[in-house]
Amino acid sequence: NAGVMQNPRHLVRRRGQEARLRCSPMKGHSHVYWYRQLPEEGLKFMVYLQKENIIDESGMPKERFSAEFPKEGPSILRIQQVVRGDSAAYFCASSPGQPSATQYFGPGTRLLVL
Amino acid sequence: KNQVEQSPQSLIILEGKNCTLQCNYTVSPFSNLRWYKQDTGRGPVSLTIMTFSENTKSNGRYTATLDADTKQSSLHITASQLSDSASYICVVSGDSSYKLIFGSGTRLLVRP
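Going down the list, the sequences are from chains A and B.
First residue of the first sequence: 1, per the working numbering; consecutive thereafter.
First residue of the second sequence: 1001, per the working numbering; consecutive thereafter.
Hints may be right or wrong, so weigh each one.
Claimed, not checked - DSS-like, lysine-lysine: derived pairs with alpha carbons at most 25 Å apart: (1) Lys27(A) / Lys71(A); (2) Lys71(A) / Lys1071(B); (3) Lys62(A) / Lys44(A); (4) Lys1071(B) / Lys44(A); (5) Lys1001(B) / Lys44(A); (6) Lys1001(B) / Lys62(A); (7) Lys27(A) / Lys1071(B).
Since the hints were made in silico from the structure, they are not lab data.
Please build the complete structure, drawing on both the sequences and the hints.
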């Protein structure tokens, strides 16, 4: 039973480029959450999605960031026109039906913006 | 403001020794508190979860306590092993049970 998978594990982008981060939840999980971890800080909630729906995006910057969880395929976190401050580790987590259930985390994508 | 603070920031102990990590939170209303272990370069892995009515929860050599009145929790590790070297993160959820609020973690290093 594969866990939460994220790819790529490491991503290097130059300022102004786009970054696409992918997350495949655990089998049978329909709830996906994205978190960002800046250096030396704790993880911060960004967005909560169910299939084809954004439930809560209150932690996501209003500009340049977007997330989706299509009916088929992985969840995507997209960052347009990246800036150096976007350099961080981005973690995806998934849970089964109940949002209060334990969230299982993926290994993260480490984004470095040059 | 909802916050989770942990102490110490880092800790070095010898293999076989016990240690206790602390967590204070100001999250209100309170739903549950979890302790996660995060190895370097990996995602967090859940160790324990407690609701406000639970005082203690064990998972092998890990024992978590919760005092909902003083809003404090601790994680006690018994007979430490080298593989316990990791960051231990206290995580609290409030009225939105899915919106986890993370502490900055305690970095534990177990030396032989």
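So which hints don't hold here, by number, going up?
2 and 7
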